[in-house]
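Trainee: Produce the entire structure from the sequences given, and follow the hints as far as they go.
Just so you know, we're using this note's numbering here: the sequence shown kicks off at 31 and counts up by one.
Derived by calculation from the structure, the hints in this document are not laboratory data.
Think of the CB as a built atom: it goes at the ideal place given N, C-alpha and C, for glycine as much as any other residue.
Hints are not guaranteed to be accurate.
Computed Cβ-Cβ distance ranges for the label pairs, DEER-style [said to hold, decoys possible]:
#, residue 1, residue 2, range
1, Ala184, Gly79, 20 to 28 Å
2, Val62, Leu113, 33 to 41 Å
3, Gly177, Leu270, 35 to 43 Å
4, Phe95, Ile130, 34 to 42 Å
5, Ala235, Ile138, 31 to 39 Å
6, Ala231, Val83, 38 to 46 Å
7, Ile138, Phe64, 19 to 27 Å
8, Trp112, Leu270, 39 to 47 Å
9, Phe95, Gly177, 44 to 52 Å
10, Trp123, Gly271, 29 to 37 Å
11, Gly271, Leu113, 36 to 44 Å
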Amino acid sequence: MAAISTTRPGLARRVWDLTGRVGLHEIVVVVVAFLIYFAIRGAVVDRAGEAMVRGIRLIELEQRFSLYHELEMQSWILDHFWLIKMMNWVYFWGHMPLVIGVAAWLYIWHRKAYFVTRNAFLASGAIGVVMYWLFPVAPPRLIPFAGFIDTMAAFDRVGYNAQEAEAFVNPFAAVPSLHFGWSLLLGVVIAWVSRHPLSYAFAFAWPAAMFFSVVMTGNHFILDAVAGGIVSFAGLGIALGIAKYLRWPDLRPSGAAVPPG
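Mentor: Here you go:
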């Protein structure tokens, strides 16, 4: 009996380590996060009137502080089909596909930086989900008579507005804009890990491109992007606090793959 009792914990430990090495733990974390998001989405999709009123109030707030330039910014691209397509491309492919790609790169080659980045995304995402639930806000493209064109719906078949994607998209998750906030995080992380001049250029250029994209496509107001940046850096602060608590001495790996654990 003693041999069995000592063998089972050892086997469980080996199974846990093996599943961790192949990334199953991370898959579980992502699945749970998505389930929570879907639950929140289901709780707000029927609050359209509330979300529309908040969107109108946001326009009034920006007008009060002379920040309401979204219609003017969208007009810059409406006469140029290629610019519309470019902004749509940045908005769609520069969000989750890029997040997944960078996450895979970090997980394989820069494991500790991956965990810090993952925690930053989870923390900022949790803050964002709570805000979506408490204060659903309609994006510019959904506010009646505001004058915005939904460029994704009008010029692209593939997008968050496609019928196939409706079940996975929260239409009233305008504040904060994690499209912009997470692009900031990606830029910071890539520059932090790579320390190459091109990575510094990316850290500036990509968030700038995403900012113009979220505004010009009619998906977010300027203040949405500001809120997204604040929430995302709050998540990064939480992640760095966790890393400090765990006493990780070097959060920037040397370049070789770092084994889990």
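Trainee: The structure should be examined with respect to each hint, and the outcome stated for every one.
Mentor: Each hint tested on the structure:
1. With their beta carbons about 25 Å apart, Ala184 and Gly79 fall inside the hinted range of 20 to 28 Å.
2. Separation of Val62 from Leu113 is about 39 Å and conforms to the stated range, judged on CB atoms against 33 to 41 Å.
3. Separated by about 42 Å at the C-beta atoms, Gly177 and Leu270 satisfy the suggested range of 35 to 43 Å.
4. At about 36 Å, the CB distance of Phe95 to Ile130 agrees with the hint of 34 to 42 Å.
5. As the Cβ distance of Ala235 to Ile138 is approximately 25 Å, the hint placing it in 31 to 39 Å is violated.
6. Between Ala231 and Val83 the Cβ separation comes to about 41 Å, which falls inside the hinted range of 38 to 46 Å.
7. Between Ile138 and Phe64 the beta carbon distance is about 22 Å. The supplied range of 19 to 27 Å therefore holds.
8. Separated by about 40 Å at the C-beta atoms, Trp112 and Leu270 satisfy the suggested range of 39 to 47 Å.
9. Checking the proposed 44 to 52 Å range against Phe95 and Gly177 shows it is violated: the Cβ atoms sit about 20 Å from each other.
10. Look at Trp123 against Gly271: about 32 Å separates their beta carbons, and that is inside 29 to 37 Å.
11. Between Gly271 and Leu113 the Cβ separation comes to about 41 Å, which falls inside the hinted range of 36 to 44 Å.
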